[in-house]
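Start from the sequences, fold in the hints, and give me the full structure.
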Amino acid sequence: MRRRAIAALVLFLGVLVSQGCGGEYPQSTLHPSSDSATLIDQLFDQIFWWAVGVFVVVTGILIYVFVRFRERPGDGRPKQVHGHLLLEVGWTLAPALILVAIAIPTIRAIFIIDRSTPDPEALVIEVIGKQWWWEFRYPELGIVTANEAHVPLGRTVDLRLRSADVMHSFWVPRLAGKRDLVPGIENQLWFRPDSVGVYHGQCAEFCGTAHALMGMRLIVDEPADFERWARANAEPASTPADAEARAGQGVFMANACVSCHAVRGTPAEGQFGPDLTHFGSRLTIASGVLDNTPGNLARWLDSTQHVKPGNPMPEVELSDAQIRQLVAYLGSLR
Amino acid sequence: MEGPTSTGIPNRKLAMWTFIGSECMLFGTLIATYMIYRGRNLVPPYPHDLLNIPFITVTTFVLLMSSLMMVLALAAVQRNDLRATKLWLGLTALFGLIFLGGQYYEFSHFVHEGLPLSRNLFSSTFFVLTGTHGAHVAGGVIWLSTLLVRTVNGKLDARHAETVEIAGLYWHFVDVVWIILFTLIYLLV
Amino acid sequence: MAMTDAHPTGIWSWLTTVDHKRIAIMYFVVGFAFLLVAGFEGQLIRLQLAAPGRDFLDPDLYNQLFTMHGTTMVFFAGMPLVVAFFNFVVPLQIGARDVAFPRLNAFSFWVFLFGGLFLYASIPLRAMPDGGWFAYMPLTNPEYSPGPGIDFYVLSLLISGVGSIAGGLNFLVTILNMRAPGMTFMRMPLFTWMALIVSALILLAFPPFTVGLIFMLFDRSFGTHFFDAAAGADPVLWQHLFWVFGHPEVYILILPAFGIVSDVIPTYSRKILFGYPVVVFSGVLIAFLGFGVWVHHMFSVGLGPVVNAVFGGATMLIAIPTGIKIFNWIATMWGGRLRFRTAMLYAAGLVATFTIGGLSGVMHSSPPADLQQTDTYFVVAHFHYVLIGGTVFGLFCGFYYWFPKATGRMLHEGLGKAHFWLTFLALNVTFFPMHFSGLLGMPRRTYTYAEGLGLDVFNLISTIGAFIFTLSFVPLVWNLWRTWRRGEAAGHNPWDASTLEWTTASPPPHYNFAEIPTVDRRDPLWHPYIEPESRRAGDEPGGAVPRRQPDEPPEPVIMPNPSYWPLVLAVGMLLMTIGALGSLGLTLFGLFVTAVGLFAWAFEPPFGEEAH
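Residue numbers (this note's numbering), protein chains in the order written: chain A, 2 to 335; chain B, 6 to 194; chain C, 4 to 615.
The set of hints was computed from the structure by calculation and includes no laboratory data. Any given hint might turn out to be false.
What the hints assert, rightly or not - A partial selection of chain C residues facing chain A, derived with a Cβ cut-off under 10 Å:
(1) ASP58
(2) GLU146
(3) ALA233
(4) GLN242
(5) TYR271
(6) LYS274
(7) LEU276
(8) ALA312
(9) ILE323
(10) ASN331
(11) MET336
(12) VAL365
(13) PRO370
(14) THR451
(15) TYR452
(16) GLY455
We put the beta carbon where it would ideally sit given N, CA and C, even for glycine.
Structural data, given as structure tokens:
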């Protein structure tokens, strides 16, 4: 009975550990993939082990005290002790020294991370937080996109963060710590990614109804892939080739879509919602909520308020055929 | 009524000092907000368009004089000179009222000149800061008036000097706050 | 339940009471009710998060629930429970017959109660606030939060804040002025010391928050521009005003728990507190430093490296006095004769779990590390370890410790211990996994999370832990029921404790002490056992405090009169508050009632009743 309980406990802890170490953690702070996130992770590791050490010592003493000084039958009053100056000095100085050991690398890291990047070659991206999606603008490359930003491997990325409405916080844990998007202020955040991949991020400052669904992807490409992506995304939208997509374009232009969304190269110039010029090349829909598949897109167009409750996109009355056509059109915007 | 206290300071007087300490944080926050936002106003009118320093200097002087009247009122009640007490208490309250009248004139003048409360950042900070102070003055005037009525009715004499003293503490504090506001809002415009 | 002998009973006597012990009981009952309500809200939150993508709660309701959970726990559960202990214990510990201003005390309670009820009136009106307990601007301005939800938040905190400030003032004056003869500062029990410090914190920390709330109210109701970036203002100002209050507020909640534990550990170790002056001054230091660290809630705002470095360093400093307290508690137990009664279990549990919360706090005192941790479940784990493992454990510790004094009955030890172990288990099962979910990238205040982030198992465990929390109240309620029916009598000093409250009857008569004691040392009831510290004068054996108060006062005791004017005044303020939602007439009527209450109060004689 007792052995089985221990076995169960070990199994349980095993599951916990495997959860903590193995597996895929696309949004983990413990799996850094940039210089900035690595610096923070190393600092956290140092503090973490100091804390573990303190915890082991304090808890060890505590358990010893609980066991050793438990009252036993026949015990009289213990000797009364008012205090001990040297002990007091000791347990004031010991934590102070540990804190100094933590403060030194902390301050070093602050003055690296909290300053603007010293790299003049950095790729500047403007990030504008909106309820509840992200706009990315590449001023040097003439690209405007939403919820997904591509960046090249090995080049410093210099984000300029602004908010169009309320507070948001930009957080892609594997690439950098958070930085808030504050109305009226431009904040900066920089990092240099060190491996190719798709990194998950999401808004980390409560911003209203759909705060939980304000996700994003940062995609780190090989430089050549990035060049290709950038060239394609700087172009206006291509005219759809097949008939269904063309019909979809007609539906798009004839409905409320155009009042909020822009598709460069077409009459659609709405500014309120995400730019859809190259929507078909994106991985997700509705800022990271759904994978960008035709089925999901149809669901999104049909019941946007169910997929992402509270989002500002109205549920436009569309027939099934119109939705099919729109899916074809949006998918063609690559 | 109450026995000796541990510190020797009567409870009510200690409470007033404590309250004033808390009020310092209140006005400190309001003043800090005003100072942080000074010069950040984006929408006209601006402070220098409207602030009438000579006029406010006069009402400031009146308020300062009211503090002097308060001192005289306390001295009078302590020596149980109730006629003088009535005179000085009445003058303190009256001078407070004159100050409030000046503030009323100033506020309505500003609104008339196109600066309602919701106009801009200056109107927001100015009205809330000086308005909070004005509310404190108004509360003080009412308090002093009750003391005056009690004196007139013969219910307040030298045995209640402590009550007058506590009201005085409050009154002087409110005056001191105004000196700071006058300096920061008007003189440093 | 007759709490005081030869003292009027019935509803009217409770509505008009100015007796600090009765007010304490009312604070405790109402605070505990709010604790249950807010705990239930937390339970709903955990149900929603049990698995990714659940739609048990819709996002708006979820946002309302976490707002109500946080706001209620801090302002309408944590604060009143702390104040309940101030009320019951402080006058007894300093040898006073009541607080300095008994009617003000009743007023504080009534406005707190009305503030809480006003907040919860938003539920039937379907207008619960949904901006978080921190209510960051500009999300909470009318453009993004139309409807009266945020107004309920602002107004309820404004009205209950008046009560908090009045309470802080009352206890500061009480402790400074009402101590029994000979009760010098350095002879005061630690709980009274912490009550003194916390009263000062309340007086200094609430006004900036009040001003912030007034700005928010004006921005919402009168179109001012205090947090309007378009008008040139800086919305971050709200964050400063909120946290310059919010961080001291944390110490308002934790220092009383430290005080309780500092009184309880010596009792059940049968050994005086180790390093008394050091424990006192570390409390003062924590409170002092608490005003200089608020920016550590805002490291991600982008205030620059110098600001972040300064506030990060100041935050780290707080670990030193906190550590000193923990080490002194351990040293008190060292060489003692530990009796693990329920209160002692909670005290020991506090030392252990608060250490975890303190250490995770050190982790985010480092601004770069905090940039990954802030606004994630790592922080949720941290502050629940501090607020449950610290404040709630401390309050339960005090509850089991002083319950016999307040009621005259003993609680059942076995049920008490079951209660402790269930809460201890629940705390760790619920909140330990949140360290992982936070570090693996789960932000706070999200009504759902995606599959595939590796967060599922941790969230499920947390939800199971929340059920254990709910379960943990069963032995507590059972214990209360059992004690109500047939709890054995407590006697004057069931724990053989050392401080003045244990010299009088349980429950104490409404005048507390038949004779005001004269104190000539710390821990006066233990004086035969304590070797005098040679340098301290006047500590020779043979002190003057009798171990038992006489049953009858030798001469008539003059006690404060009951009064309904505090209630009238509070009702007036409540009417003004309700009126502020949109009825000028009601506001003016409330102002009139307030004025009437104030004048009647001022001219009502406060004393007069003679006790036998």
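Here is how each hint holds up against the structure:
This hint holds: C/ASP58 has a C-beta 9 Å from the nearest C-beta of chain A, less than the 10 Å allowed. About 8 Å separates the beta-carbon of C/GLU146 from the nearest beta-carbon of chain A, less than 10 Å, and the hint is met. Of the supplied interface hints, the one on C/ALA233 holds, with its beta-carbon coming within about 7 Å of a beta-carbon of chain A, less than 10 Å. With a cut of 10 Å, the hint placing C/GLN242 at the interface with chain A holds, because the nearest CB-to-CB distance is about 9 Å.
Hint status for C/TYR271 relative to chain A: holds, with the closest Cβ pair at about 9 Å, below 10 Å. Annotation: interface hint on C/LYS274 holds; nearest CB of chain A at approximately 5 Å, less than 10 Å. Because the closest C-beta pair between C/LEU276 and chain A is about 9 Å apart, less than 10 Å, the hint holds. The beta carbon of C/ALA312 comes within 5 Å of a beta carbon in chain A, closer than 10 Å, and the hint placing it at the interface holds.
Because the smallest distance between the Cβ of C/ILE323 and any Cβ of chain A comes to about 5 Å, under 10 Å, the interface hint for this residue holds. For C/ASN331, the interface hint holds, the least distance from its beta-carbon to any beta-carbon of chain A being 8 Å, beneath 10 Å. Taken as an interface hint, C/MET336 checks out: its beta carbon lies about 5 Å from the nearest beta carbon of chain A, inside 10 Å. Evaluation of the C/VAL365 hint against chain A yields a held restraint, the C-beta minimum of about 6 Å falling below 10 Å.
With 10 Å as the threshold, the beta carbon of C/PRO370 comes within range of chain A, its nearest partner Cβ sitting at about 5 Å, so the hint holds. Evaluation of the C/THR451 hint against chain A yields a held restraint, the C-beta minimum of about 5 Å falling below 10 Å. Because the smallest distance between the Cβ of C/TYR452 and any Cβ of chain A comes to about 7 Å, under 10 Å, the interface hint for this residue holds. For C/GLY455, the interface hint holds, since its Cβ comes within 10 Å of a Cβ in chain A; the closest pair sits about 7 Å apart.
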